[in-house]
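This is what each chain is made of:
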Amino acid sequence: MDFSALNPVSLMVSLMIAATPVLLAAVGELVVEKSGVLNLGVEGMMIIGAIAGFAISVETSNPWIGMLAAMVAGAVLALIFGFITQFLLSNQVATGLALTLFGLGMAALLGQSYTGMKPPSTPHLDIPVLSDLPVVGPILFSHDPMIYMSIALVAGVWYFLNRTRGGLILRAVGENHDAAHSLGYNVVMIRMGAIAFGGACAGLGGAYLSLVRVPQWTEGMTAGAGWIALAIVVFASWKPWRLILGAYLFGGVTILQLNLQALGIGISAAYLSMTPYLITIIVMVIMSADRRRASINAPASLGRIFNASH
Amino acid sequence: MRKTLLEIRGLSKFYPGVKANDNVSFTIQEGKIHALLGENGAGKSTLVKMIYGLVHPDEGDMLLHGEHYMPHKPSEARNLGVGMVFQHFSLFEALNVAENIILGMEDAPPRAELNEKIIEVSNQYGLPLDPNRLIGDLSVGERQRVEIVRCLLQNPQLLIMDEPTSVLTPQEVEILFKTLRKLSSEGVAILYISHKLDEIKVLCDHATVLRMGKVVDTCIPAEETARSMAEMMIGGEFAMPTVREFTPGKTLLHLENLTLESLDPFGTSLANVSLELRSGEVMGVAGVAGNGQDELLLALSGERPTDAGMVKLSGVEIGDMGPTTRRALGLLAAPEERLGHAAAPDMSLKENAYLSARVRQGLTKSGFTLFGKRDDFAREIVEQFDVRTPSIDNAARSLSGGNLQKFVIGREVLQKPTVLVVNQPTWGVDAAAAADIREALRELAAEGAAVLVISQDLDELMEMSDTFAVLAEGRLSKPRPAAGMTVEQIGLMMGGNLEERANA
Numbered sequence: 001m002d003f004s005a006l007n008p009v010s011l012m013v014s015l016m017i018a019a020t021p022v023l024l025a026a027v028g029e030l031v032v033e034k035s036g037v038l039n040l041g042v043e044g045m046m047i048i049g050a051i052a053g054f055a056i057s058v059e060t061s062n063p064w065i066g067m068l069a070a071m072v073a074g075a076v077l078a079l080i081f082g083f084i085t086q087f088l089l090s091n092q093v094a095t096g097l098a099l100t101l102f103g104l105g106m107a108a109l110l111g112q113s114y115t116g117m118k119p120p121s122t123p124h125l126d127i128p129v130l131s132d133l134p135v136v137g138p139i140l141f142s143h144d145p146m147i148y149m150s151i152a153l154v155a156g157v158w159y160f161l162n163r164t165r166g167g168l169i170l171r172a173v174g175e176n177h178d179a180a181h182s183l184g185y186n187v188v189m190i191r192m193g194a195i196a197f198g199g200a201c202a203g204l205g206g207a208y209l210s211l212v213r214v215p216q217w218t219e220g221m222t223a224g225a226g227w228i229a230l231a232i233v234v235f236a237s238w239k240p241w242r243l244i245l246g247a248y249l250f251g252g253v254t255i256l257q258l259n260l261q262a263l264g265i266g267i268s269a270a271y272l273s274m275t276p277y278l279i280t281i282i283v284m285v286i287m288s289a290d291r292r293r294a295s296i297n298a299p300a301s302l303g304r305i306f307n308a309s310h
Numbered sequence: 311m312r313k314t315l316l317e318i319r320g321l322s323k324f325y326p327g328v329k330a331n332d333n334v335s336f337t338i339q340e341g342k343i344h345a346l347l348g349e350n351g352a353g354k355s356t357l358v359k360m361i362y363g364l365v366h367p368d369e370g371d372m373l374l375h376g377e378h379y380m381p382h383k384p385s386e387a388r389n390l391g392v393g394m395v396f397q398h399f400s401l402f403e404a405l406n407v408a409e410n411i412i413l414g415m416e417d418a419p420p421r422a423e424l425n426e427k428i429i430e431v432s433n434q435y436g437l438p439l440d441p442n443r444l445i446g447d448l449s450v451g452e453r454q455r456v457e458i459v460r461c462l463l464q465n466p467q468l469l470i471m472d473e474p475t476s477v478l479t480p481q482e483v484e485i486l487f488k489t490l491r492k493l494s495s496e497g498v499a500i501l502y503i504s505h506k507l508d509e510i511k512v513l514c515d516h517a518t519v520l521r522m523g524k525v526v527d528t529c530i531p532a533e534e535t536a537r538s539m540a541e542m543m544i545g546g547e548f549a550m551p552t553v554r555e556f557t558p559g560k561t562l563l564h565l566e567n568l569t570l571e572s573l574d575p576f577g578t579s580l581a582n583v584s585l586e587l588r589s590g591e592v593m594g595v596a597g598v599a600g601n602g603q604d605e606l607l608l609a610l611s612g613e614r615p616t617d618a619g620m621v622k623l624s625g626v627e628i629g630d631m632g633p634t635t636r637r638a639l640g641l642l643a644a645p646e647e648r649l650g651h652a653a654a655p656d657m658s659l660k661e662n663a664y665l666s667a668r669v670r671q672g673l674t675k676s677g678f679t680l681f682g683k684r685d686d687f688a689r690e691i692v693e694q695f696d697v698r699t700p701s702i703d704n705a706a707r708s709l710s711g712g713n714l715q716k717f718v719i720g721r722e723v724l725q726k727p728t729v730l731v732v733n734q735p736t737w738g739v740d741a742a743a744a745a746d747i748r749e750a751l752r753e754l755a756a757e758g759a760a761v762l763v764i765s766q767d768l769d770e771l772m773e774m775s776d777t778f779a780v781l782a783e784g785r786l787s788k789p790r791p792a793a794g795m796t797v798e799q800i801g802l803m804m805g806g807n808l809e810e811r812a813n814a
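One line per chain: the protein sequences are G and H, in this order. In this text, residue positions in the first sequence follow my numbering: the first is 1, and each later residue adds one. In this text, residue positions in the second sequence follow my numbering: the first is 311, and each later residue adds one.
Chain H extracted, bound-state conformation (with noise of 0.2 Å):
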């Protein structure tokens, strides 16, 4: 029996309205990867932060070594061995891998002796790195291994994981997963945040199940199935998305050599993307981020326009047209970032909808809004789509992300469109609301319209497309059929692969 690490005994945290955290209790052995399973919103962040030192809990303490633990900021946190690797990296992408390491120890040592430290430790681990990289120029699974390496130059004993693989390949998983073996056979505990249940299943010793905060069951993953797991996770049984019977009608998006450079200077230029969907279609767009999804989505939604014939919507040269024409024409959009592109985070939900159906829904009469009709457009998608929310008033920010979520995609859902482009439809948000998304997504294309969707979980393209398509550098591959292909060969072209990107 390995000796505790890390005892939890009855961390409760309130904030006004809610008890994010309640009465949590569990320990974590040493040199063992115990997963932290829950639903977003379960308080599963608020809990690693309070052991991390970024929030201060209101009740129960922490030992750590048997030893009374309860650092009060995060260098505390570090200098007694706790490291963390957030899911929004903290990293500053204008700076190089080495100043950003800097940044996150106590006492670095001299420049040329970091470096050394950095290329030795990040092989020792299988995540190789160049100490004088910009951030920018780094790929997301590489800006993951600067935080990692960040945290291991400082001999952790308990490492926290954020949900480290909503962004990576299934490749890069891989080398996550064995990094992460390597160092819990040195002794480190990992503490592994995740609502992916297979990966819990195949790396995780012990599990501890947050729903509301509290603690409601303990497990073995290796013992238990994804099903079983999340069924403790949600409380109940979720509902699994249909096959669907994949009948293509006429062409409704046709995007010919769509060429777009990129205004971000870590940004993707576009380089003659082009593709047809069809009527009934889901699209499914794979592909490691920065690789031009935000171009593309920003060329179909209008925000930049190109050549009139780059973009032709049900024959329609919409190309030159900004983004309120294309909504009166059938084209919706609904981008990954959630407050602040697809919603004003400031402005209240019933204006928010407002914002994206003024035109479709008809919610203004010569110049003039109709609230009582705007606000039962907002009231449709809240109860539509299940958006938990106390009222149509509160502001876009206060929501969770997933609810924000659900009512961005719903807003752009109800207004019948004919063509809809979502970017990371599910991206942080929790299995049962995903499900119901990717259930609203195909239920559209069943109706008629056709679907594109952006995103980087690969199970999520697999479980919801009709064909398939990964944009590498900028570049689209020809889209195929989604039944029949595995995982690996789409990984592989994900990844850069040049023969494979070259045969697709």
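One chain only, chain G, in its complex shape (with noise of 0.2 Å):
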């Protein structure tokens, strides 16, 4: 076996670019639950963003009209949820559910003419000069610009949900949804408005998978991305800091154990396939085991039904 041909460079920068879906859908979902809400269709609502981005690329040559399809498809479908949700107060897990398989159905079905086209190309971003550096260049400094977006994306949440009052009231609305209501704030209307952005978020996040990281379209192309967002928000205990780490961390699992397969371990690829799922749960059990921590960072009404009436 030859560790030789692991290029280090070149696996962080295939590492970001597995990372960022990823990382999307659960910046998307951090401001979802920070509102209260559990909304378990990241899945469906990624998938849909994935065949809403190519197909919208393709039939525009354009990938970035595409995205922005993929933004809105995704939102539709959070706010199928969050009428379901938030105005006939049903049950968010079952709902969340439901969006998920009705997602991977839908996006089947728009799907079909796609499959095996190529997409038009996103442009790299290379940022003169710096990008020649060797090592830290093509690392830090010769990306797609979605990666970007990506991190400044993190970067605003952290900072609205911190420094604005907006934030503030996202948090307490997700902290006692009562309490907030009593203030005279307007609880639905609030979460609904962060519903749509967790979807667009979700679409965007499965739009880079059809359009930059594969990129093409197949059915159930997400492949359990969507979970694995969901899981990376509750590891980054609700931070949006902490969900680049969790989500590199996945990146990086799967792109070392795509490499390892191409080297020829004596492993069956169907374990290796395994370990970022693996590794996933293992993190998540650790950083739950203690229960004081981790519950005071949770958003208390989360997953709670809000009915203003009383």
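Calculated from the structure, these hints are not laboratory results. The reader is advised that the hints may include incorrect statements.
What the hints assert, rightly or not - Label-pair ranges, simulated between beta-carbon atoms:
| id | chain 1 | residue 1 | chain 2 | residue 2 | range |
| --- | --- | --- | --- | --- | --- |
| 1 | G | Gly-220 | H | Gln-464 | 54 to 64 Å |
| 2 | H | Ser-708 | G | Leu-97 | 35 to 45 Å |
| 3 | G | Phe-83 | H | His-366 | 20 to 30 Å |
What the hints assert, rightly or not - Only part of the chain H face toward chain G is listed, based on derived beta-carbon distances under 7 Å:
| id | residue |
| --- | --- |
| 4 | Met-380 |
| 5 | Lys-383 |
| 6 | Pro-384 |
| 7 | Ser-385 |
| 8 | Ser-400 |
| 9 | Phe-402 |
| 10 | Ala-404 |
| 11 | Glu-409 |
| 12 | Gly-414 |
Claimed, not checked - Capping the alpha-carbon separation at 20 Å, the derived lysine to any residue pairs in SDA-like fashion look like this:
| id | chain 1 | residue 1 | chain 2 | residue 2 |
| --- | --- | --- | --- | --- |
| 13 | H | Lys-427 | G | Arg-165 |
| 14 | H | Lys-788 | H | His-564 |
| 15 | G | Lys-239 | H | Leu-405 |
| 16 | H | Lys-560 | H | Thr-528 |
| 17 | G | Lys-239 | H | His-564 |
| 18 | H | Lys-383 | G | Trp-227 |
| 19 | H | Lys-383 | G | Asn-307 |
| 20 | G | Lys-239 | G | Ala-223 |
Think of the CB as a built atom: it goes at the ideal place given N, C-alpha and C, for glycine as much as any other residue.
With the hints as a guide, bring the two chains together.
Structure below.
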């Protein structure tokens, strides 16, 4: 076995690409959960985003319009979830699961004629001079714009949640919706906004998968990325910066696993494909072992139905 | 004569099947403390919610400073100088004091400036607060300060206080009253809602009495007795519990160094709690909320198992047994939180009766529910404890707090427990229902059971307990006979006076 075939720089680059869809979906879900809503439909919204982004990009030959369409598609799907859970007061867990199943089926239907096509390529944003630096250049300064955007989005969400009045209100709604209501905040509309944002982020994550990372449309191509995004939110204990750590850790294991397969290690590929998920479970068990700490960060109203009549 | 601040004219609010408020009129003068008196369900909460803009009246109008006043949401009310401190605090445990205050303000100043203002205002009114502490770490009294300071920062002209003293120690009540008197001397009017008549008598200038949504009387509290006001409130005389001879029998419940770590990050762990509860004894456990009361109930009900020897029932070690086994053996518990803990909110009363009484009342046979027997038991509770509900098919959620509490207590008492543990048996329950509940618990003890009452209402504990102990920071003082203790002594023990606790 020749480990020297593993180039750390290219590993790092592909790690970031692998992590970005999950990171985008996770940062959206973090905002949703901070507002006290548990949307388990991330996987469904991602795959709808993947096909919507892919199809629109192919039709318009413009990846950016495709990504925009993916965000709209994800948000629309999320708003269906929002309507059912916030206005019709249905159970969030069941509705979220249904959303995932619906999204997977819907995407497969929409995507039939797009299988095997090639999407328009997304240009790289090579920062002059800096991107020519050895090692640092390719890792930090030579990516497609979406990678920078995903990091900027995490920073933006952190700033919003911790430094603005709007973020404080959002956290308050997630912490105690009855109290927020009695102070005169519109719990349902704030949550609908968060749910739409979460859907848009998940849709964008899906589009990144079908337009940049793979880039191709295959049925069921999200392959559990939405679930990993959900897990990473808990892993990050609802702190935006830790999402990056979680997503890159996951991306790292995925990439390493792929490379090890390519090297022909004598372990079945099935086991290697399992590792990212296994690692996620192990990390989550370790993280949640300390119940006191984890429960302080968890939004107290998470998943609870809000009924304004009392 | 002071000027009229708020005039309420013929306010009515109808809910399906209920007139929450029916043609309510009264006026509040500037700088006066005005009491709103009434039993649970008399319509006090609905009325103040209309004044604060949370509920919109169906009929009638209001004048503030002689001008039309009808807020559509709380922020409008706050802008016009009406602030409200809720009975169930509208606070966020995971946020700090300053953040909580910002959420209740319309245009909050920058953080540094706000922090200074919080410190300044809170000290000015004798309610010191640290803006950077998490609400979850504060005592109930301190949390109430946050609510009050939040209102004060917006220079209110009318401050609505909904049952502010129900969770305070006597010392904290004194501080609160000082603050309210200072505010009223500065011209702020206060609308004070309570059913604690003694407080109204010493604090309030005027009182309006509500019953069944209507104004039935007005009075000047200083000229009335607590009893005469209670009679206005309930429209008749209510029975005071009789004094009972206390002759303890053999030990039924024995706790030995009960230690339990709290799972709630803001909870208090129990440390070496020991007590002996005897047949015929009612023991009162006082203490400010959050000092281990919930944990004590969980350890006794069996929801949190401990080492077997830590809890003994009639000599049998039961510390490691679950709730069902304990119930079968005769140890029953009624927790504080009515909806979601003592009763399943969306299940009917008969289903709720079944959930707790299945084993002791023999409501199953070969794995099948005996529906007739179950319904009879539910009906018996409703009749004997005067639970006001259209039928036993109604969901627990649909009952008012007081009625549901009567149901919960009745359900346990009628199962003839050997030992009954109750947490806050009369919290938020009106005077007449509270008296009934206390009477039922004392009767249970008179028949030979042992009753452990965990409560924050000292008057209640003094009235019904034979022995008395204080739970502070998860430690239980040595139980003493309740006779001869003064409320001041106990208050000091509760408030965490170390010297007293060491002696206790």
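Hints, verified against the model:
no. : hint                               : verdict
1   : G:Gly-220 to H:Gln-464: 54 to 64 Å : 55 Å, holds
2   : H:Ser-708 to G:Leu-97: 35 to 45 Å  : 30 Å, violated
3   : G:Phe-83 to H:His-366: 20 to 30 Å  : 25 Å, holds
4   : Met-380                            : 15 Å, violated
5   : Lys-383                            : 5 Å, holds
6   : Pro-384                            : 4 Å, holds
7   : Ser-385                            : 5 Å, holds
8   : Ser-400                            : 4 Å, holds
9   : Phe-402                            : 4 Å, holds
10  : Ala-404                            : 5 Å, holds
11  : Glu-409                            : 6 Å, holds
12  : Gly-414                            : 5 Å, holds
13  : H:Lys-427 to G:Arg-165             : 18 Å, holds
14  : H:Lys-788 to H:His-564             : 13 Å, holds
15  : G:Lys-239 to H:Leu-405             : 15 Å, holds
16  : H:Lys-560 to H:Thr-528             : 51 Å, violated
17  : G:Lys-239 to H:His-564             : 46 Å, violated
18  : H:Lys-383 to G:Trp-227             : 40 Å, violated
19  : H:Lys-383 to G:Asn-307             : 17 Å, holds
20  : G:Lys-239 to G:Ala-223             : 25 Å, violated
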